[in-house]
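Enquirer: Under the working numbering, the first residue of the sequence shown carries the number 1, and numbering increases by one thereafter.
Derived from the structure by calculation, the hints contain no laboratory data. Any given hint might turn out to be false.
Below, in silico cross-link-like pairs of lysine to aspartate or glutamate (DMTMM-like), each with a Cα-Cα straight-line distance of 25 Å or less [unchecked claim]: (1) Lys66 to Glu157; (2) Lys120 to Glu14; (3) Lys171 to Glu55; (4) Lys53 to Asp108; (5) Lys171 to Glu83; (6) Lys167 to Glu83; (7) Lys120 to Asp3; (8) Lys103 to Asp115; (9) Lys103 to Asp67; (10) Lys93 to Asp67; (11) Lys33 to Glu44; (12) Lys167 to Glu60; (13) Lys93 to Glu56; (14) Lys171 to Glu65; (15) Lys33 to Asp115; (16) Lys66 to Glu83; (17) Lys121 to Glu107; (18) Lys93 to Glu157; (19) Lys33 to Asp67; (20) Lys161 to Asp25.
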Amino acid sequence: MGDAEVRFTRENAEGLVAVGSYLSDAAKRFGVKFDPECVPAGGEHNCAVQVVKGEEFLSERTAAEKDAELETGWRLACHAKIERAGEIEVMTKEKASTVEEDKDQAEDYRKRFEDLPLEKKMAELVRLEGIALSETLNFVINSPYKAVDKVMDVLAEFGFKMDANKKESSKPEEHRSNGSKEPEAKAEGKSDDEDSVVQSAERKEA
Numbered sequence: 001m002g003d004a005e006v007r008f009t010r011e012n013a014e015g016l017v018a019v020g021s022y023l024s025d026a027a028k029r030f031g032v033k034f035d036p037e038c039v040p041a042g043g044e045h046n047c048a049v050q051v052v053k054g055e056e057f058l059s060e061r062t063a064a065e066k067d068a069e070l071e072t073g074w075r076l077a078c079h080a081k082i083e084r085a086g087e088i089e090v091m092t093k094e095k096a097s098t099v100e101e102d103k104d105q106a107e108d109y110r111k112r113f114e115d116l117p118l119e120k121k122m123a124e125l126v127r128l129e130g131i132a133l134s135e136t137l138n139f140v141i142n143s144p145y146k147a148v149d150k151v152m153d154v155l156a157e158f159g160f161k162m163d164a165n166k167k168e169s170s171k172p173e174e175h176r177s178n179g180s181k182e183p184e185a186k187a188e189g190k191s192d193d194e195d196s197v198v199q200s201a202e203r204k205e206a
């Protein structure tokens, strides 16, 4: 399928991205963040970007993009799928927040957390722990090294399924798979060779 060369001009970040990826995938790879993050299930999108160059290499606008009434040249990064190799230049919205504002937000969150009753503090800690677990699973899945430990293998497989389901549910309806399943594996994990050996033995006994 090839790769597309994607550049985020404002962040001065660029590189090759596989065809079939979304602009949001490229953004994550290059460390470009949309704040706050999109909530596709709720129809909340904060990832509008201007495609300065190479829009012809992207998928057609989805229903959600049309409903958003975006200006010409603007796309939702989590809906704009790279369909062909080529050069794509993207401009994100200018961020008004500064380092000082980020510090103020962190301090404000700390104060609000301290004012919470104990049961709500515990609920918030559980939520943060869930986020940390999700990021850990994603790290294991994307690690370039093979896990030798069986426990790590199981964890990676579990994380992959969770991540795959999350990605599939967050895709635009127009881009979701048709739900086809892979053929079921042979019962009890027997290979074709093992089946032939068993059949040969049965014929000899007969």
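Enquirer: None of the hints should be skipped; say for each whether it holds.
Expert: Cross-check of the supplied hints:
At most 25 Å may separate the alpha-carbon atoms for a hinted pair to count; Lys66 and Glu157 exceed this at roughly 37 Å. A hinted pair counts as satisfied when its Cα atoms are at most 25 Å apart, and Lys120 with Glu14 does not qualify at roughly 42 Å. Between Lys171 and Glu55 the CA atoms are separated by roughly 19 Å; this keeps the pair inside 25 Å, and the hint holds. Between Lys53 and Asp108, the direct Cα distance comes to roughly 40 Å. Violation of the 25 Å bound is thereby established for this hinted pair.
Note on Lys171 and Glu83: the hinted pairing holds, with a Cα-Cα distance of about 15 Å set against a maximum of 25 Å. For the hint linking Lys167 to Glu83, the alpha-carbon distance of about 18 Å falls within 25 Å, and the restraint holds. For a cut-off of 25 Å, the pair hint linking Lys120 to Asp3 is broken: about 46 Å separates their Cα positions. For the proposed pair Lys103 and Asp115, the alpha carbon gap of about 19 Å is at most 25 Å, so the pair holds.
For the given pair, Lys103 sits about 35 Å from Asp67 by alpha-carbon distance, which is inconsistent with the 25 Å threshold. For the hint linking Lys93 to Asp67, the alpha-carbon distance of about 19 Å falls within 25 Å, and the restraint holds. Of the supplied pair hints, the one linking Lys33 and Glu44 holds, its CA atoms being roughly 15 Å apart against a limit of 25 Å. Simply put, Lys167 and Glu60 have alpha-carbon atoms about 20 Å apart, close enough for the 25 Å limit, and the pair holds.
The suggested pairing of Lys93 with Glu56 holds, with an alpha-carbon distance near 21 Å, which does not exceed 25 Å. About 13 Å separates the Cα atoms of Lys171 and Glu65, which keeps this hinted pair within 25 Å; it holds. Restraint check for Lys33 and Asp115: the C-alpha separation of about 29 Å exceeds 25 Å, so the hint is violated. At most 25 Å may separate the alpha-carbon atoms for a hinted pair to count; Lys66 and Glu83 meet this at roughly 19 Å.
Restraint check: the Cα-Cα separation between Lys121 and Glu107 comes to about 16 Å, which is no more than 25 Å; the hinted pair holds. A threshold of 25 Å between alpha carbons decides the hint, and for Lys93 with Glu157 the separation of about 37 Å lies outside it, so the pair is violated. For the hint linking Lys33 to Asp67, the alpha-carbon distance of about 23 Å falls within 25 Å, and the restraint holds. Distance check on the hinted pair: Lys161 and Asp25 sit about 18 Å apart at the alpha-carbon level, within 25 Å; holds.
The structure does not agree with the numbered hints 1, 2, 4, 7, 9, 15, 18 stated previously, though it agrees with the rest.
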